[in-house]
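Protein chains: 4
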Amino acid sequence: MIYFDSDYTAGAHPEVLERLCATNAEHTVGYGCDSYTASAVELIKSACGVDSAKVYLLVGGTQTNATVIDGILARHQGVLAAESGHIAVHESGAIEACGHKVLTLPHYQGKVKASDVRSYIDEFYRDETYEHMVAPGMLYISFPTEYGTVYTLKELTELSEICHSADIPLYIDGARLAYGLAAASNDVTLSDIARLADVFYIGGTKVGALFGEAVVVTNPKLLHHFTPLIKQHGALLAKGRLLGVQFEALFRDNLYFRIGQKAVSQALIIKEAFVSRGYTAVVDSPTNQQFFLLPNTLIDHLRSNNISFETWGTRGVEQTTVRFVTGWATTQSDIETIISLL
Amino acid sequence: MIYFDSDYTAGAHPEVLERLCATNAEHTVGYGCDSYTASAVELIKSACGVDSAKVYLLVGGTQTNATVIDGILARHQGVLAAESGHIAVHESGAIEACGHKVLTLPHYQGKVKASDVRSYIDEFYRDETYEHMVAPGMLYISFPTEYGTVYTLKELTELSEICHSADIPLYIDGARLAYGLAAASNDVTLSDIARLADVFYIGGTKVGALFGEAVVVTNPKLLHHFTPLIKQHGALLAKGRLLGVQFEALFRDNLYFRIGQKAVSQALIIKEAFVSRGYTAVVDSPTNQQFFLLPNTLIDHLRSNNISFETWGTRGVEQTTVRFVTGWATTQSDIETIISLL
Amino acid sequence: MIYFDSDYTAGAHPEVLERLCATNAEHTVGYGCDSYTASAVELIKSACGVDSAKVYLLVGGTQTNATVIDGILARHQGVLAAESGHIAVHESGAIEACGHKVLTLPHYQGKVKASDVRSYIDEFYRDETYEHMVAPGMLYISFPTEYGTVYTLKELTELSEICHSADIPLYIDGARLAYGLAAASNDVTLSDIARLADVFYIGGTKVGALFGEAVVVTNPKLLHHFTPLIKQHGALLAKGRLLGVQFEALFRDNLYFRIGQKAVSQALIIKEAFVSRGYTAVVDSPTNQQFFLLPNTLIDHLRSNNISFETWGTRGVEQTTVRFVTGWATTQSDIETIISLL
Amino acid sequence: MIYFDSDYTAGAHPEVLERLCATNAEHTVGYGCDSYTASAVELIKSACGVDSAKVYLLVGGTQTNATVIDGILARHQGVLAAESGHIAVHESGAIEACGHKVLTLPHYQGKVKASDVRSYIDEFYRDETYEHMVAPGMLYISFPTEYGTVYTLKELTELSEICHSADIPLYIDGARLAYGLAAASNDVTLSDIARLADVFYIGGTKVGALFGEAVVVTNPKLLHHFTPLIKQHGALLAKGRLLGVQFEALFRDNLYFRIGQKAVSQALIIKEAFVSRGYTAVVDSPTNQQFFLLPNTLIDHLRSNNISFETWGTRGVEQTTVRFVTGWATTQSDIETIISLL
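Residue numbers (the working numbering), protein chains in the order written: chain A, 1 to 342; chain B, 343 to 684; chain C, 685 to 1026; chain D, 1027 to 1368.
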């Protein structure tokens, strides 16, 4: 079976696993106070180009979003997000469970528009009853989005400026950050992200780690006393060094970026193969997630040949949208096989 | 350096790590819907002797406590616990963050007394203003306790009966369950735990896993719709099979119990060594945690000989209480070395 | 100045105030355990025709919604509501502050459609990832709605059937219930409400009380142990008899219904006056709230003649939507004055 | 029947009720934006001698405590309070429902000791695992306390200094503030309270209002954006002017202080009567609450002569502690009657 279901179906990248094995017998202090974590933090800060940043290593994505948002918002505030955003749809209400409303904006292939953010904030404060509504207290976006799309540097700069002029932080969910940075068209660097966002996270789970997300706080006014919140949210691992070891492996020799580039280039080969044969890419995604509208006959043909992938939404009468995702574990042979089946 | 600081200072038991490595390249579905998790669940149910139990695999201890307690209590209820209980002291307010008060009872070397539980409940409902107070909605105990002590079967039976006569669930935190079951004096089996508790968890993090806690729900009335709560609490791992693989390894050939027995027998050798030399065991612990009142000179002597361990509370003028903990990684040679230094 | 701004701009109806004054010097026990409250509860149950109902007297509307919803929903659930619903828009995030998402449905002049409710529930459980989303745990509607419209008995029956077939409670916000029951076209009785809803509240604040909302629980499975929740939510008045005295006054001689009928008939006279002069009623409201699209010149003319009312949304270039609301304090002379100014 | 049960058993002081009646027919804007509220705020600020203070009028005491504490604490913090404090015992878990632990201190007839506060804070930050515990984020005291006792100016100054040196706010629950200020021995003025506390509230419910508590925020760093929190907590009354009218009446001609003085002087006459006859005052309370240890025979004698009062705790075999409370409604004749019965 060849898997294009998601980027978290296999275990850890061999280089990451190798480091976990190599350090397994060592004893360290717990809860992230170990030297591996310290080293990983330094590597991440260096990769971001922000010496003054604070970096925290958490376990999973929903957990990270809930912990960060809970730590940033005041009690009367909510978080702005695309109506397709992960926190708005697929986190089992984790944000509301912390007491905060997700204030939704229209999305354009997963992205929010700067003008919509500005209008929302302006109209909110123009409403005489605004104290009876939930104040926009931060902006959540993801890079890349749920649709695999990425913001341009210009778009990201505009969002950042709007947020800062409204005195609300910009938070970027980077669950698949490596794939966004490696996108064909992308003109945003990790340094740009670190400069334009107030907080963001570098996703490990979907980029070769067993698990782990690195929160980078560049705005020094935010998230003081974050460790107790991390613990409240169940994200403080006793064997915290597991996160340190993995992120050290990911950032020591640019493994994180290499995984991103490899997977994106594979995804684009698949995209080209489908499109050149006349199939529609329903989203023009430049990253490791590709969405195609395929005849059900082709879907069945591929599946009967041991190609595994997800349908996106419900199966249509004749055609259905499907998603193909590449990751660290996708091989050259996987790519060749699927193309040969088209 | 030889470490007696805690049972989570090293990585995973080699048999666990071996399985993680052996399965690393496989692709599976996410979020615990994989076959490893299914297999682990069956092994755990079998070990507990309760076919009808529901088993859920979570990541860490504080997270597990918060998720279970949040899932059980009604909004007007709190959780009874020893004032020394982990949820009362060392979880950064995770229980309160879910909206619930921890109602504390006196502790006796970490244990609560059945009569105190009964009095609390009786007096609560006898108070005319009880609706202005927080109703006791469940009982939390740990086995073994923070002091390494274990409940006898008689004590556990009494607690269970009191809870059930008051119609509140009994929840047992088994972060170190293996060490309790292996205690010298212990007359409680895993089946007893499963029979007497309504919910409990089998700790993996401190018993040879990289991380992981298995929640066993034996009361069929409790914790329906638990998966969304697990996700809300950040405990639903994308690569959920990591938990399945580890618990399968721990329960396939009784590894879980072997780790417990080995570590407890080592701890008791250390205890005997200290006590026979005239040092006081400040708690009569039969498990893998041992507490001694030692002269500061001996403490300094041991530490200067690369023996690492924690002080328990603040350093005294001449004597200080210290804690020695054994785990899967404690070797025969470690034991011999420390004894030779006494 | 003549006020059509809202139905809460004046104090209490004279009959209500008279009872507060008459009983002021009496001493009673606190927290709603007094005989006035008991009497009010009996009168309300009798008016609803449900002897077995439980009735609780709270202080305000947002508070009542938050307390009821918090008491009904399980932790993984949210509340379905029209996107125009009060809980979705104008409660400062009080529902989310309790940990629950408001799941919004399209609205049709403030009403939700039974088919939309059914689709939402069906599609939710058809989605394979539904455990990663927020489960619909109850339906919130208001009678009348924010737009002054009312559900027909057929519509209400359908909503009730859908809720019960999906095993989720139907909750009706009756902040302005008296005006809905008195609506020209209305075919729904208080008994119907009590029969079709699982919980609802009878609004006092906007119908002649100083404050106060009576929660009626007809589904015996819901809201056990509600008093501590009422207190948690700040709704348990020390001088609880104030609520009892007021609701007794409102329900003793049908004052509640008389206020509704009087105000609605006045509102319909105003409506007729505007419409017959060619102005548009932007909502076909049969209750005490009327919405007209008026030329700005007329708006200014009325206001300069001491008629006070609210604009609905922002002022247009030439025309603006305005709201006229009648209440217990609206006089015959008020009606004549405004009509004379058209 | 003569009532000494509590200070909230009767309605409003006649001067307060008279103002409610006099203003009842007026129309005002809602939610506390009316001129009566503005006037009350000015009178309160003037009485406190702090022009720059912010004043908010809420409905009830538990609600006020929950709203203020929820607004002040960061997510990782708890509130220090006497173990006998109202928030620790008698608020149905309202503080925990907001997500915060009540961190209890020993009490001495209801009061906390400055040295205990200091030790708690010092020891907290000295503990290496403090990030795994709940940080003390504010201090809650009441003036007078649950036992009717008051802090001296020296004690209050010490508490204030400790709080400010630890950078945590001091919050004073003044549910019965008038009675504390009127205490025989009291050397604390309202201006002292306003100067030493960061936030406090002036209780109306127990001092002659139908309901109402005035929160005074003197620390300009605290409780920005408080109105949405007031609404979230169900404390924003639609007819907000009811609070304004009442507090205006209470503060216009010093009615608030007159009520306090009258009730305290009556309570001290009762105290003198009991003590001079050899009965024990179990607390040396200088305020309107008096606690006596009485023979059950006397208790029964008084009750059979229509004197109503509460027992404090459970009835003893021969003697029982009882509480006598005076209020605005206690008459000279009430006092004479009870004394005649001793």
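A couple of the hints might just be wrong.
To be clear about the criterion: a stretch of chain C counts as covered by chain A if any three or more of its residues have a C-beta under 8 Å from a C-beta of chain A, and this derived list gives those stretches [unchecked claim]:
| hint | stretch |
| --- | --- |
| 1 | 782-790 |
| 2 | 811-825 |
| 3 | 862-869 |
Simulated from the structure, these hints should not be mistaken for lab results.
Note that the Cβ used here is the ideal one computed from N, Cα and C, for glycine as well.
Checked hints:
1. 782-790: holds (count 5)
2. 811-825: holds (count 5)
3. 862-869: Our answer is that it is violated, as 0 residues pass the Cβ test (under 8 Å) against chain A, missing three.
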